[in-house]
Amino acid sequence: MRLACLCVGAFLAAAADGRLTAASEPPADLAEPSGALRRVGPEGQGHAEATRAWPLLVRRPAADLPVLLAAMDGANPLARNWLRAAVDTVADRALASSEPLPLAALEAFLRDTHHDPYARWLAYDWIARVDPDRARRLVPGLLEDPSNALRRLAIEQRQTEAQMLRTNGQLAQARATYETALRAARDVDQIEALAAALRELDVPVDLRDVFGWITRWQVIGPFDNTGLAGFERPFPPETEQRLDAEHDGKTGKVRWREWIVADPYGRLDFNRALGAAKEVTAYALTEFVADIPRPAEIRLGCKNAWKVWFNGKFLFGRDEYHRGAEIDQYRLPVMLEAGVNTLLVKVCQNEMVEDWTVEWEFQLRLTDPTGTPLRSPTSHAAAPKPPPSPNPNEPSP
Amino acid sequence: MKRRVRLPFLSLAAALASAWGADWPQFRGPHGNGASDETGFAWRLDAAENLAWQVALPGRGLSSPIVVGGRVFVTAASGPRQEELRVLCFQTIDGTLRWERRFWATGRTMCHPKTCVAAPTPASDGERVYALFSSCDLICLNFDGQLVWFRGLTHDYPNVSNSLGMSSSLVAADGVVVAQVETDTESYALGLDGLTGVNRWRLDRPRLANWTSPVLLPAEGGPRQVALQSGRGVAGVEVRTGRAVWNYGEGASTIASSAMSGPRLFVPSFGLTALDLDAAGGPPRQAWRAGNLRPATSSPAVLGDRVYVINDAGVLSCGDAANGRRVWQVRLNGPISASPVAAEGHLVAISEKGVVQVVDLSGSEGEVVAERDLQATILGTPALANGALYVRSDGSLWKFAAENARRKTR
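Chains as they are written, first to last, in the working numbering: chain B, 40 to 436; chain X, 11 to 420.
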């Protein structure tokens, strides 16, 4: 109680002198040092100024924590870490010297979803360290939070509730709670745990739909990748994607054909689509229709060498084979255009013959920056429900 | 031949010991070969009273603890994707946490389940601690936990990452911290200014996945060099400038790292290959090659005139450092990923299941004289410092020491 009074006092004091309202416009004596940290860039750019500024920031009183957190808004990932170290140092020192943290201001910061998601999570983390009950009360409201780390907490809470309902025999309520949590979940481990719990309660879950994999593709290949030279070699699909075109492949003429992915994890398996082969390259093409221009992420998992083009522009590539794959292994930010957007993927297979080098595949989805799947009828085949029915091309898993 | 090799062993070991004291500032200790010059360790690990303290760690890690100036520095990673990077500093005397700093990974955190994001061992130059993670985030802190600088090497070089995970540890000397970030797609060795974190130099390296660590070479009066190992071999490079000085191009392990002792570098290559380095910068001379001294995941250790390797069957082999002749073998409780460390006639090897084994090296055969099952998965190499043994798992950090060593705080 005493702590709460102190915190309210600190909040009022901070509000009175303008520190809270100034969260997006730091006081003059904070603007320059926090600006120096925000200017750090690649290869040590800006470090000289930042290393001079950082000690000035960590001398600030704990009441300035929201201002320091707000400095993360729009900061690059390097600058965000410089600022985080300052926030943690100030908060550590405050706790060690019994200086109260401005809990009300931190909560206000957390509640403002315009702030940087990482900064908001950090605000929560310090609230939770000092006042766990206060933090717990905040969690239910975070189910649809733009910060995945915060959203995760709310989902964990729902999972616990659902488990208790299930234990108590309240199966309908348990199902509903699990379903609510699954709709909100963005992290793979939580999605899989929730889907498993629902299946145990006889609720079918189509993971293709939950993850939002792109399942409708045009594929072409195989092209040559002898000596791994195919990764750099621009085969015709890189320059024109005319679906009625015919090209010289590795073993003869090759043409585009439609391929619908049935795998619950969205894996387009070229060994099935084109025939098992080694030292080969293939392409997959899809179109994604967006209503409005919007930021998005191409999220790819692939254990073969790959390249991605978006709307005809090369985005990124990786010349690595069989080191492993996982969902959302690579996240490529893009800006969707209103209307049709094209997405071309090149996937190369190497010469290795061991069992663990057979895979020649990838999985891909488009999401918003928080991981919410984006869908388009041109790139998503209608999901057969439930369970996935036999697919024209692939047997059901 | 024997005498010519052994004398520099002793003199250089003494010189380095005086420079580093009894601390353990980097992967495999002050000499980068797993050996400590100290005495007074509590080798009876099975005795309950020799456990000085045990503290909980907040995340996964298989990096080694390093010990400098009465502080133990440990790295760890937590969160669903291990994206929360942690650097922790404990007091050696009682295990009290002095500070912890946390960062968000800016590079990829995917790795094989057996390894983790906190795999590379940090390093210290005695003033600052440098911590590298598999996400290729490199953090410099002073001993009070104040941030000196932060670099995101994958942020800077977007294809520097390995989907199995990165593990190459750091070395720091002459105001430069050296990092090898070498992958199938993009590979560099970097010399970063210890004070500012900016690149002093950047070398293109073979585009091959590489988990080995750089090894500092004795200064020998000239510019200090670092040995950079890869699947192609080993290159000697000046620490301050990145200038390539010599090259051994016959191939080497991409997992087990070399070990230096005196003028001789023991390279995991065709089993083990001993190279005598030329102080004048000429090409190294192959002293011997031993196919039956074949390190697997763990790196060799060198103590006195003996070199020790552990193979993939958990067999510890002792070789004569002078000629590569295998002297004895003993089967340990394996499998073993942690590199062995050794001091005052004893060697410590830890199985992946957490059985710490002390081997007495003084006889004609190696003999396991103590075992302690810590009942935890342990892949990280332990540290020997100030008369104490430090061991870490994903969940704990242990200090083993005799009563008198517990009071050493430096």
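If you are wondering where the hints come from, they were derived from the structure by calculation, not from laboratory data. It is possible that some hints are incorrect.
Derived lysine to aspartate or glutamate pairs resembling DMTMM-like cross-links, with alpha carbons at most 25 Å apart [said to hold, decoys possible]: (1) B/289 <-> B/367; (2) X/124 <-> B/398; (3) X/124 <-> B/358; (4) B/292 <-> B/277; (5) X/124 <-> B/394; (6) B/317 <-> B/271; (7) B/317 <-> B/336; (8) X/124 <-> B/271; (9) B/317 <-> B/263; (10) B/289 <-> B/394; (11) B/352 <-> B/393; (12) B/317 <-> B/245; (13) B/352 <-> B/271; (14) X/124 <-> B/228; (15) X/124 <-> B/200; (16) B/317 <-> B/287; (17) B/352 <-> B/376; (18) B/352 <-> B/367; (19) X/124 <-> X/135; (20) X/124 <-> X/404; (21) X/124 <-> B/393; (22) B/289 <-> B/271; (23) B/289 <-> B/279; (24) B/352 <-> X/381; (25) X/124 <-> B/365; (26) B/317 <-> B/358; (27) B/317 <-> X/196; (28) B/317 <-> B/365; (29) X/363 <-> X/330; (30) B/352 <-> B/336; (31) B/352 <-> B/394; (32) X/124 <-> B/231; (33) X/124 <-> X/377.
Here is what the structure says about each hint:
1. B/289 <-> B/367: Roughly 31 Å separates the two Cα atoms, so the pair is violated.
2. X/124 <-> B/398: 21 Å, holds
3. X/124 <-> B/358: Holds, because 23 Å separates the two Cα atoms, which is no more than 25 Å.
4. B/292 <-> B/277: At roughly 17 Å apart (the allowed maximum being 25 Å), residue 277 of chain B and residue 292 of chain B satisfy the hint.
5. X/124 <-> B/394: 20 Å, holds
6. B/317 <-> B/271: 17 Å, holds
7. B/317 <-> B/336: 30 Å, violated
8. X/124 <-> B/271: Given that 25 Å is the threshold and the Cα spacing comes to 33 Å, the pair is violated.
9. B/317 <-> B/263: Distance of about 9 Å is within 25 Å: holds.
10. B/289 <-> B/394: 23 Å, holds
11. B/352 <-> B/393: 35 Å, violated
12. B/317 <-> B/245: 32 Å, violated
13. B/352 <-> B/271: 15 Å, holds
14. X/124 <-> B/228: 18 Å, holds
15. X/124 <-> B/200: Given pair residue 124 of chain X, residue 200 of chain B is violated - Cα atoms ~33 Å apart, limit 25 Å.
16. B/317 <-> B/287: At roughly 17 Å apart (the allowed maximum being 25 Å), residue 287 of chain B and residue 317 of chain B satisfy the hint.
17. B/352 <-> B/376: Holds, at roughly 13 Å.
18. B/352 <-> B/367: 21 Å, holds
19. X/124 <-> X/135: Cα-Cα ~30 Å, so violated.
20. X/124 <-> X/404: Holds. Residue 124 of chain X to residue 404 of chain X sits at ~11 Å (cutoff 25 Å).
21. X/124 <-> B/393: With a Cα-Cα distance of about 20 Å, the restraint between residue 124 of chain X and residue 393 of chain B holds, given a limit of 25 Å.
22. B/289 <-> B/271: 16 Å, holds
23. B/289 <-> B/279: This hinted pair holds, its Cα atoms lying about 18 Å apart.
24. B/352 <-> X/381: 60 Å, violated
25. X/124 <-> B/365: 15 Å, holds
26. B/317 <-> B/358: Judged against 25 Å, a Cα distance of about 16 Å means the pair holds.
27. B/317 <-> X/196: 24 Å, holds
28. B/317 <-> B/365: 22 Å, holds
29. X/363 <-> X/330: 30 Å, violated
30. B/352 <-> B/336: 15 Å, holds
31. B/352 <-> B/394: The hint is violated at about 35 Å.
32. X/124 <-> B/231: Holds, at about 21 Å.
33. X/124 <-> X/377: Answer violated: residue 124 of chain X to residue 377 of chain X is near 29 Å, above 25 Å.
Checked against the numbered hints listed earlier, the structure breaks hints 1, 7, 8, 11, 12, 15, 19, 24, 29, 31, 33; every other hint is satisfied.
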